[in-house]
Amino acid sequence: MTTRPPETPAGEAEVRPAAQAIELKKTYGTGQAVVEALSGVSVSFGRGAFTAVMGPSGSGKSTLMHCMAGLDRPTSGKSYIGGRDIAALDDTALTELRRDQVGFVFQSFNLVPTLSAAENITLPADLAGRKVDKEWFGYTVGQLGLASILSHRPSEMSGGQQQRVACARALVNRPQLIFADEPTGNLDSVASAELLGILRASVDELGQSIVMVTHDPGAAAHADRVVFLADGKVVDELEGPTAAAVLDRVRALGAKRS
Amino acid sequence: MGKVTLRGMAAHKLRLALTSLAIVLGVAFISGTFVLTDTLHNTFYALIGSIYDKIDFQVRGVAQFPSQQAAGAVRNPVPESLVSTIKRVPGVEAAEGSVNGYAQFISKTGKPVVTGSEPTIGENFLTDPRLSDLRIVQGAPPTAAHDVVMDAETAKKYHFHIGQSVRVLFMGGNVASFTITGIAQYGSSDTLAGVTFAAFTLPTAQLAFGKTGEFDHIDVLAKPGADKQVVQAAIARALPPGVEVVTGQTVANEQTTSINQALGFFSTALLVFAFIALFVGAFTIFNTFSITVGQRTRELGLLRAVGASRRQVFRSVLGEAAITGALASLVGTALGLLAALGLEGLMSALGFTLPSGPLVFEARTLIVSLAVGIGVTVVSAMAPARRAVHVAPVVAISDRQEATTVRHARWLGLTVASRVLGIALIVLGLVVHQVALVGLGVAAFFVGLAMVLPSIARPLSAAIGRPIASALGTPGKLGRANSMRNPTRTAQTASALMVGVALVSAMAVFGASVSSSATASIDQAIRADLLVTAKSSGSGSFSRSLATQLSRLRGVTASLVVYGGQFQVRQSLEHLKGVPSQGFGPTVDLRVKEGSTAALAAGELLIDSSTAKSDHLSLGSTVRVKFAKTGPGMMRIGGIYKDNALIGSYLVGEGFFVSHFHNPQPGAVLLDAGGGAAGVARLQDAVERVLTNYPTVQVQTRSQFEKSQLSSVNQLLTLVYALLALAVVIALIGVVNTLVLSVFERTREIGLLRAVGMRRAQVRSMVRSESVILSLFGAVVGIVIGTLMGVALVASLSLSNITVPGADIVVFFVLSGVLGLVAATWPARRAAKLDVLAAIATE
Ligand SMILES: Nc1ncnc2c1ncn2[C@@H]1O[C@H](COP(=O)(O)OP(=O)(O)O)[C@@H](O)[C@H]1O
Ligand SMILES: [Mg+2]
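Line order of the protein sequences matches chains A and B. Quick note: the first sequence uses our numbering, first residue 763, plus one each step. Quick note: the second sequence uses our numbering, first residue 9, plus one each step.
Some hints could be false.
Between beta-carbon pairs, the in silico distance windows are [unchecked claim]: (1) VAL826(B) to LYS840(A): 44 to 50 Å; (2) PRO401(B) to GLY980(A): 33 to 39 Å; (3) ALA470(B) to GLY904(A): 29 to 35 Å; (4) GLY891(A) to PHE273(B): 36 to 42 Å; (5) LYS21(B) to GLY891(A): 37 to 43 Å; (6) GLN532(B) to GLY891(A): 37 to 43 Å; (7) ALA471(B) to GLU1001(A): 45 to 51 Å; (8) ALA471(B) to LEU851(A): 36 to 42 Å; (9) SER920(A) to ALA470(B): 25 to 31 Å.
The list that follows gives simulated cross-link-like pairs (lysine-lysine, DSSO-like), each with its CA atoms no further than 27 Å apart [as the list claims (entries may be wrong)]: (10) LYS219(B) to LYS236(B); (11) LYS841(B) to LYS840(A); (12) LYS650(B) to LYS543(B); (13) LYS787(A) to LYS841(B); (14) LYS116(B) to LYS62(B); (15) LYS650(B) to LYS601(B).
Calculated from the structure, these hints are not laboratory results. All C-beta atoms in this analysis are idealised placements derived from N, C-alpha and C, irrespective of residue type, glycine included.
Next comes chain B alone, as it looks inside the complex (with noise of 0.2 Å):
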């Protein structure tokens, strides 16, 4: 029996090779996502070791808000003196202090120096070579208050040379002349990550990042031969509260848990688009197994004739997908590692900066792989396996009847049962936060959805393939009633695009959504002509010296600042913003449902009505809060007011604000021109030439503003299609197979059509018309469920706005029939190729 199997197998390599492409994707994304995140968690770790492997210890201010990630958290400086203390320490061999911030160099064309979206770092170079992790590789390390070392990899991006001058921009908007007199590694790489960094002298790093007298922390070598426990107890004791003193492995850990989380959230994204692709990949193999079990009918006959047991017939079936599987993921694996390339420079593209290095290929990438690719192979041909079983011997003397007959009745039950299921699924992996269970429950949506598809594919294909027939003829016609002839055969093929185009559309109600959300609160929460804010590559905020000259400026009738700041609220670190008590009626319509702007002046918290909804709180309640400056308190619900995308979820008066943090910075300026576009115009202009000495500040119009809020969702959703992209080629691929194996099937059909006239243009014109039937069968079924998706996803995040993108749609259901089209070009060639004779000849 298993030599049937194969010798099966290899008499149908383009079925085999057809089937396993999708298997072969699939698996390639999930190994691939495993090579990627595996590569760049191997580069991380490995830079974060060389950097933290040299010091012992490091003293620094407690965490501000124990809720917050150790790796990011705000800390209080501790002070300069305290290095000289540590160094009395018995058993402490050197120790220094180093301060940093926000230092960004400025090229020689003016422009400043970016690197994609990481940060741009300062700090002081560290005398000791011993503790410190840049290691100059040019040059000798700054002495006099205007030197400065740079990265090597800016040095050579941008030409800088040893002796050179460049200015360098701080926070705040003031920039200064240095002399390069080194050039220096991050570790042994030239550069973290896509960092860069200047480096100057202790006095020049404290002026510049406003920390004279202090340091942000201070590393720490033992005595060689030291016992580090009793050194580290030793240092502790001699520290003030609020301080203290952890090993280099800790600083380091709390890195590598930081990066750990967040490519664990890039994995899991990433391996949920390739499960996506399986899953639609699964109604493929599912298809053609279906297909090729109805074609095998005669031959499974005979060998349940010839003696045959029901199990060996259902082993030989499953077998050979289990076979397929193998094959398939293998493959698949092996092409992973291009994929893992090839998402790396997809990610790239959009703007994502990350670290190289070698590929990293773990064991378990293989194993998953396998194991999902040969799972869902077998998985999906259970079924035609179980109705291969049930061919009676029978058949295979007696002439074969195509069956069209279509099973509601025993169906009925089990498609309802699977898509309550699904739909309670989505529900409680919504409610208790677990993505696995809404994807699950979404895939028993789909395949109950599934189910049902083949008792409307005839009324269906029917009404799509009209206007198709009546344009194109008989071709057209013959082509529309092949799509009808086997509903389930049509059905299966159309339920993987169904999937595909169901997430596109629902994803595409999201995206418009969340952006006419967006867009509305805007238009209705702002009134100022102009907003000056932060460049998101900046430091998110900026002088109020300047905030003071931009409202001053000729033309300007009426201007706001909008003070932000971070601070803990019911244990999460939040955004906070602060404004004035009153006269912000001409700049901002707060749009307070309930309390009032009174509240500002009293020193309560504001929040916005989907803080209110999700956390369950109402006017008067209080809630828990810290600041890092003034430490735990209690705040009282003043107002909440309708969501606003410049405020943001947390509100409260300036005086409140400016008393609650150290630094107190302004995050935006709205200024209005009161009203005309020349106004407007000649403020804008004016604006931008008081921020030519400003390059992290931009100024733009109300609209301008939009289209900027509006742009990362629009680069999430190009991301998002992106990676479903594959998921709609796979069920394409599933068109070709279903296609090429029809033609197949209906070879004497199509001999005898060429005899007796039809051209092979027509024969081509055909298969065109029943893929592009299929496609948009598939196409409509999936936009219509998909959209409506998209609005329970929408209603469910209670969106202020509800929106069907119908030009995204048409243009959803326009691509999937020339997608259609395009899936039909390989099989319409082999029809149009077949034998006249074929017709006549065979028997």
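One chain only, chain A, in its complex shape (with noise of 0.2 Å):
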């Protein structure tokens, strides 16, 4: 990452998280069967900032991921992404903040099959009807090594080369936000410190603000900030983190729970 970016982020002190939730509840189901997914969640995602998630499997952390991009809405309590109610939303209003200020990072099937590199990641600025910055795809597809296969369908990709892709979908429209569930849950080591590196860059290089989930205390190492649920509630918060302050927090929440 020698090369400058043509043109940063408005650098004005902005207090405003970047996303932000209160009191947030998510129930699944009914009467005895109802499963409480998110018990009251308050948490913030600083702006240009990058954020771990973790906890144990079922702890809530990918429901709270959909309940604050607005893939999902929540039983109760309220969201909040660059300063906007997301829950007074309807579903063109939802679907348009998806696709213009939040960018999106899946463990696996990132990518349109019948649409080539390229055309994934300007997908979301083609459905709106939108130009894409030439200079700016340029610019991200150059940073994160994907000018040889920007004609390449998924299916042509290895599995780096396709969260690679995925990223750069999200980066290219500079969004408020990009939230990754576990996008290196299916790579090797190499290909997820790779996809690791890129997200660091483009915060510490673009501003970009990025919220991450995670099982891998050495990619939560990774972040500014780790934020620890445990059935459905935050539990603990680490700034600054290591991998191995991370390993000693989720021992000692496994402990507390056994």
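Hints given; two lone chains; assemble the complex.
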């Protein structure tokens, strides 16, 4: 990462967080079979910060992400993106919010199989009928090392390449916030390191805000801050994590639970 | 294993329902056809039985032309004196003669009473109630010359009552007033399938029908207890030559045979369309099973991995097909009862009057419907089942890859073979006049064609999708990409539509060519400004005095009387026309190709070129002929003229015609006003004033005549389109089916698209684009193939013009696109409603 970005995002001191949840609750099912996936989560994700979300399987990490990204509606509580309460939005407005304000990187099946890498990257802009900033596109693609595979279909790419294309799609839009749900879950260690490097760099060099769900303490160590979830609640937080510190907290939480 | 099949079916009720729909509709068509024709058959049979049950024998003239069907045969009348001869034969209880002819009531508004296309019959009222097929329900039999008994149906519809006066129109335009003395039923029915009848006293009837001193036939009743065979033989001995006696049963059988023939043709025609519908349905089923076997690869692999044998997997897929087919056929058979009513409605909407009766449901209907429905389903599922067998156990564990490769090489030989076989069968079928063979050939040809479609599916969908993608942006682009991603599936879905559209296009080419050929022949052959002809519901001819009166009207610069009648040529009964041997130049251009019009004066036969070609006749050949008046003879062919819509296939000179027919009557009068629109209009007005007394005769300008000639072609075409519409509907169900299965298969992908910002409307637009591309793909191939088939058909019939109706074809194309949009409605809605989280949450 040697080239300078063509344009840095507005550097003004913004106090408002990129996303914020207040007393977020989410229950599934009814009656006897009711499951409370989130039981009153209040959390905020800072602007220009890289936040990791950790917690045991079934602790509500994905649910939290879905509710905060406008993929799902919370049962109660408030959820803000860039100061906008997203609970008040209808389906079309939510869709447009995801398209224009949020970026996604999922664990797998990130790309539309019938579209080339380039087309997948510009998909949100194309859906909006918006032109992509050519210079910015070129810069991002160059940074992520995708220039040579732009015309490839997903079936012709490795898993790491697919995840990088998904990152490029999220970054090219310059969204308020990027949500990544276990983005390295299916990758080998080399590809994982590459992807985490890209996410880190986009925070440092471009001021992008990122929230990443992960199981891997090593991955969480790339973040500026780690939020720990258990049983649908925020149970702990860690600023400036190292892999060892994260592992300690995870062990401590595991011990408390058992 | 059976349990797995059933569980799987229960889990995919929707798929089951959609697959079934194609079969349900096709089977309903078959069962409906059977129910309708059985019902009609029974109704007619009962009616005929009720009429001829009463009489023991009928005495009548021997049929003139043995080749003709007994029921409608031309017979000479028998002398009136024969009745007393028969009455003296031992064992005869009663005998009474009857005459009948054309008699049409004129309603109170002055319009003739018409009942669809059924005849209007006049007869003498039989005085012996034991012989009469009429039953007076009100009033009394006719006694005076101007008395008439009216059928109950006409009385009811046109509000006639006893004692009122009614005008009756007879052959030749004579109109007379009668007093209604009675209202009668025919047997037990108000109407004989829409026929109207007027019954007069014997002298009135004989006078009106020009049969004074004669009877058409004599009905005879044997004494109770007499040996009927002995009586019949005794009657036969008393009869002069040329007269025969037959039993009432024979007459009834003759009538039934002729009705059965008509119904047989009718039911064959309907069954052809039912099989077309099922054939198209077979593509849909094949396609559905192919897709589901593809989607179930993992499941099938798992079954194989845990020890299911190939045979078990094969049986599981075929078992599903058999159960689907059986359920669908049962529903379809039941629906056929409704379809019978629908078909009846369609027929009467097109102007056919059918008698009504209780619906008849024979065991044969159920058996054939079930056998065909299950058979088609199982055969269609055979290839997918074979593919399922080859699923390797490992795929259960490995990640599934979408198979998009097209196996050209293996198919190529098979497809060429099946198309060659198809064409061979078509040709053979045409030569030996076997509809089934032609149908089989066309089917084989289509199957062969469908097999090569996958190899052109990708480039063709790409080309069709390009304008759609550029008009609709990203959703259109994705729709186009989806239509290209699985060429086999696209091709299979489009195949069904291809068949429907191809048949429609072929019919359009055929219809347009027949129309333009007829128009061209009329334009070139007829020079007269006006044509006077009998209306089709009338008798087909009119009096000579009317012809003379018309040709003497002021403003007529030239006229031509064309005589018309029937004669037998080379063992078949044909229409013969007669024109004066000269002076027809200003009204008709005979366009003689070989020989000359001098043949007319020489008493030779002239034939048109298509008859010459089909019957292998040439100038100077002689043919065997037979006339009712003069009997058998030989005629030399003295001329061959180009096809002529007015003249028809056989022509002689007026002199010859008049001397060979009992009662030579004109079939048409051509009048020329010497050109000039005003003169023509004035003359037409004058002719129409004369014709007010002749409701069965009409005057038309040349263009009106052309239109009326074409109206029957257009009516037939409308009927065929209506019946083919079902095949197209079934093809569309196939499109719906494919789309639903594809949407299901792409749940994650659609969820992903929604997650990164695709609006619901855009999802719908994506599915619709794919559907329109699929449909247009089928339409394009169908139109090309259909047009070629139509041209081949027209060429083989050696019509003079081959016309490809461009506008119609554009309409078919656009309509296919619109239907594609309609087919997409529901799958698009399903896709748009999919949960966003479905993409991320699965697994
Ligand atoms: N669609 C759903 N229906 C019912 N329960 C669900 C659904 N999605 C998630 N859950 C439940 O909610 C809880 C949290 O799930 P999730 O957010 O996926 O956990 P995580 O991502 O931390 O593993 C779990 O107990 C899970 O079983
Ligand atoms: Mg999760």
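Structure-based check of each hint:
{"no.": "1", "hint": "VAL826(B) to LYS840(A): 44 to 50 Å", "in the structure": "holds (47 Å)"}
{"no.": "2", "hint": "PRO401(B) to GLY980(A): 33 to 39 Å", "in the structure": "holds (38 Å)"}
{"no.": "3", "hint": "ALA470(B) to GLY904(A): 29 to 35 Å", "in the structure": "holds (31 Å)"}
{"no.": "4", "hint": "GLY891(A) to PHE273(B): 36 to 42 Å", "in the structure": "violated (60 Å)"}
{"no.": "5", "hint": "LYS21(B) to GLY891(A): 37 to 43 Å", "in the structure": "holds (39 Å)"}
{"no.": "6", "hint": "GLN532(B) to GLY891(A): 37 to 43 Å", "in the structure": "violated (60 Å)"}
{"no.": "7", "hint": "ALA471(B) to GLU1001(A): 45 to 51 Å", "in the structure": "violated (59 Å)"}
{"no.": "8", "hint": "ALA471(B) to LEU851(A): 36 to 42 Å", "in the structure": "holds (41 Å)"}
{"no.": "9", "hint": "SER920(A) to ALA470(B): 25 to 31 Å", "in the structure": "holds (28 Å)"}
{"no.": "10", "hint": "LYS219(B) to LYS236(B)", "in the structure": "violated (30 Å)"}
{"no.": "11", "hint": "LYS841(B) to LYS840(A)", "in the structure": "holds (25 Å)"}
{"no.": "12", "hint": "LYS650(B) to LYS543(B)", "in the structure": "holds (25 Å)"}
{"no.": "13", "hint": "LYS787(A) to LYS841(B)", "in the structure": "holds (24 Å)"}
{"no.": "14", "hint": "LYS116(B) to LYS62(B)", "in the structure": "violated (35 Å)"}
{"no.": "15", "hint": "LYS650(B) to LYS601(B)", "in the structure": "holds (7 Å)"}
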